[in-house]
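Novice: We have chain S already, so just place chains P and F on it with the hints.
Protein chains in written order, with this note's numbering: chain S, 1 to 168; chain P, 1 to 388; chain F, 1 to 186.
Watch out, some of these pointers could steer you wrong.
Below, simulated BS3-like cross-link-like pairs (lysine-lysine); rule was C-alpha separation at most 27 Å, straight line [to be verified]:
1. S:LYS105 / S:LYS148
2. P:LYS381 / P:LYS156
3. P:LYS156 / P:LYS196
4. P:LYS156 / P:LYS99
5. S:LYS105 / S:LYS64
6. P:LYS330 / F:LYS108
7. P:LYS196 / P:LYS99
8. P:LYS156 / P:LYS46
9. F:LYS108 / S:LYS64
10. S:LYS144 / S:LYS105
11. P:LYS46 / F:LYS132
12. P:LYS99 / F:LYS108
13. P:LYS377 / S:LYS64
14. P:LYS259 / P:LYS330
15. P:LYS196 / P:LYS377
16. P:LYS377 / P:LYS330
17. S:LYS148 / P:LYS377
18. S:LYS64 / S:LYS148
19. F:LYS108 / S:LYS105
In case anyone wonders, no lab produced these hints; they're calculated from the structure.
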Amino acid sequence: METKKAQTTMVLMFLVLIIFGMLFLFLLSFADTFNREDYVEQYVSDLLLSLVRTDTGYSDEFCKSVGNAMASVFMHPSYFCGTENCEDIAISRVGYYLDRFDLLKQNFEYFLRVEPQTGVFRDENSIPIEFEIGDEAVVQADEKFTAKQIISQGMEIFEATLYIAYRD
Amino acid sequence: MAASIFQAFRIIFGLIIAVFVLYFFLTYAGVYGETEEARIQNSIAKNFVATINNVYQSGTQFSFTQFGESPLDFDIFLDTEYNPPIHWPGISLGTTAGKVTLTVPTLLIPGDDVVVYRDSVNLGWWEFYFVEALGNTAVIFVPLDDSDDAIGLIRKIVDSMPSTEYVQGEAPKVTFGLCGGGTLYYDDLCGGRCEKDGFNELLNNGIGSVSQLFSACTAGLPANSRLVTVSGSCNSEDYSSGVCIEMPGSSGTAEAHIKGSGETYLCKNVLDLLALITGGDEQTVHGFRGSNYYTYVNDMFREQVLIAAQMMSGRAELLAGTSPEYSTFKDIMDSIADVLSEPDYYETHSSVDNLLGLFEQADDVFYSLLSQGLEYKEYAKCPAEIGL
Amino acid sequence: MPSRNRPVKARGAKTLSGQANIMEYVLMTFFIFIIVVALIIFLSAWQVSQMEITSLGSFSERAIENLDSLKSTMYLLKGASMSVTSMLDDSKLTALMHMDNLCDNIEKLFGSNFYFEVRAFEYSESAESSDKECTLVDYLDCNHWSFCRDEDRPATSYVMPVNIYRKTLNDGRTDIGMLRVGVYGD
Chain S
1 METKKAQTTM VLMFLVLIIF GMLFLFLLSF ADTFNREDYV EQYVSDLLLS LVRTDTGYSD
61 EFCKSVGNAM ASVFMHPSYF CGTENCEDIA ISRVGYYLDR FDLLKQNFEY FLRVEPQTGV
121 FRDENSIPIE FEIGDEAVVQ ADEKFTAKQI ISQGMEIFEA TLYIAYRD
Chain P
1 MAASIFQAFR IIFGLIIAVF VLYFFLTYAG VYGETEEARI QNSIAKNFVA TINNVYQSGT
61 QFSFTQFGES PLDFDIFLDT EYNPPIHWPG ISLGTTAGKV TLTVPTLLIP GDDVVVYRDS
121 VNLGWWEFYF VEALGNTAVI FVPLDDSDDA IGLIRKIVDS MPSTEYVQGE APKVTFGLCG
181 GGTLYYDDLC GGRCEKDGFN ELLNNGIGSV SQLFSACTAG LPANSRLVTV SGSCNSEDYS
241 SGVCIEMPGS SGTAEAHIKG SGETYLCKNV LDLLALITGG DEQTVHGFRG SNYYTYVNDM
301 FREQVLIAAQ MMSGRAELLA GTSPEYSTFK DIMDSIADVL SEPDYYETHS SVDNLLGLFE
361 QADDVFYSLL SQGLEYKEYA KCPAEIGL
Chain F
1 MPSRNRPVKA RGAKTLSGQA NIMEYVLMTF FIFIIVVALI IFLSAWQVSQ MEITSLGSFS
61 ERAIENLDSL KSTMYLLKGA SMSVTSMLDD SKLTALMHMD NLCDNIEKLF GSNFYFEVRA
121 FEYSESAESS DKECTLVDYL DCNHWSFCRD EDRPATSYVM PVNIYRKTLN DGRTDIGMLR
181 VGVYGD
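One chain only, chain S, in its complex shape (with noise of 0.2 Å):
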């Protein structure tokens, strides 16, 4: 009786066990084939591509180019293109750009960051020269999305990256 008792107990376990593992399975199947995450990704390198080689409206070639402005961030650091020096030029352009950007915008916090690839740039009272735009902590997010863009300039590279995350 007790064997009896065990068996169909055994058998009515494994009945439930395989109409929840069917059910699970069954509605995961109906999960999207579609990956956010590299469409983000993609939208990412994009943007960086995108914004390092858009106009900022000067000919100046040391500022003709977000990327040149912030290459020129480095290499001159007290140049001025009219009225604005070139950090200003590259700040303003960054930050009104990204703004453009619907999905940026609304979803996530950026920390953009430009580097020179060797070396290190000095300014006049021999401080390192750094370029950073954006939350910093971005950079320490558990997820987020990274994209890098080379940009050279004369004889030097620097490298800029691009870290978002979700927003809280």
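Specialist: Leaving out everything else, chains P and F in the frame of chain S:
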């Protein structure tokens, strides 16, 4: 006694149930097996389409080896009629789950392993890209004379095919050879089989000294080969199979023939030649495969370049204020669009010669605009070589 | 004398117990049978739905595929090369937008049932920028190109950042903007 009858009953009952369960499992396995096979085929076909598209966009050569993993064959359907949204002109791969169509211009020689390579017809102001997807192929040339023109034509064909010297392993390889009379020069022509770079070097060094050449090929051919005879004039007895190409005249157009077909094919660029060569003389339900490929590439060329010409005409009108040459360029674009509006533009000498002349004019004007700094450095493949 | 407390088993009770035994086995094997059949049915249904999803593709996938094609097609790109992607040419955009049989041509080149549009962002001190559709006359001052957009049809759309090269009289200017592709859902 009762106990043993009961035991016997249990055994028999158990056997009956086991048979039932086994029957259902086997039936299901059959169904499951079929759907799984269809999924694998579909997956391979989709991966192939993705590879073709990647190579088309990036220009990076790639070896696709998944066909060897599927024990099933693919059918090639060539829809040369364009009836959206039902048909796309192009090569389709038929699988159990349906047809998958290649939407970029592709010339396909099937095989277990296929090398995917991009080439183009450069017009200066436009570049018509196309993809070659070739399994193991041996292209055997039969020059019937030793002229520079013949060697030049052979070199153009070889240059437009992929280099497989650096492909690791046995396949896929695109190899080249020569044939004359009863002698086949293939297995040992370059200290082994010739691939693109080796064969080009051979042509540069001159093949005049290779004995037995310059007569019609009667030798046995290797597997997966394409015979290409190059001659001043193609008579039926000059070639035993494959394609025969008459050397281009001053117009830049060559006439070509497929063995067994009475038609003459006008070839205005290397793409036309490749279509005939890769398609070959195999007979299909739709006619000779080479003929099908020829019609297909000309249709694709027409569709894409027509739209391009119309767009560039509109663009030239927008930019006319910067230089009077844009007006000239616009007129040429309109003339090109007129020629390409005819679906059979590629079938008559007058139409093809006219088109090549217009392409030359367009290239000249565009090169002038480029030299004046009015056009972009991204057009820097100007001036282009028009015709053969 | 034997106790009469021992429970009395009727003679037929032994048979009944045997029949109950058989019945238990029958019921158990029946349940197992049900489980196996249910397993088969669920697996088949799952396979079929997987096949359907794979073959149909999602609207999102289609939109992303079109985005990839459009940002590297010579019909929109600056120049005649596909190597410098995401750099669109405003004169090509404008010329294409005003072509005869635009949507038929777009369908031939890129497929059916979708639209795309390009918007350029110009740096301005004021926060808002205006939306100006490009015509054949003012294409240097405009910032919006639209191709086969039907406002009445629902669509799934995705955006990608791009550059747009604005050809001026003597030189050019590179703007940043966005390329939107929408796949119609009906």
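Novice: State for each hint whether it applies.
Specialist: Here's how the hints hold up against the structure:
no.	hint	in the structure
1	S:LYS105 / S:LYS148	holds (20 Å)
2	P:LYS381 / P:LYS156	holds (17 Å)
3	P:LYS156 / P:LYS196	holds (11 Å)
4	P:LYS156 / P:LYS99	violated (34 Å)
5	S:LYS105 / S:LYS64	holds (26 Å)
6	P:LYS330 / F:LYS108	holds (23 Å)
7	P:LYS196 / P:LYS99	violated (34 Å)
8	P:LYS156 / P:LYS46	violated (32 Å)
9	F:LYS108 / S:LYS64	violated (39 Å)
10	S:LYS144 / S:LYS105	holds (15 Å)
11	P:LYS46 / F:LYS132	violated (40 Å)
12	P:LYS99 / F:LYS108	holds (19 Å)
13	P:LYS377 / S:LYS64	holds (18 Å)
14	P:LYS259 / P:LYS330	violated (42 Å)
15	P:LYS196 / P:LYS377	violated (30 Å)
16	P:LYS377 / P:LYS330	holds (20 Å)
17	S:LYS148 / P:LYS377	holds (26 Å)
18	S:LYS64 / S:LYS148	holds (21 Å)
19	F:LYS108 / S:LYS105	violated (36 Å)
Violated hints, in rising order: 4, 7, 8, 9, 11, 14, 15, 19; the structure is consistent with all others.
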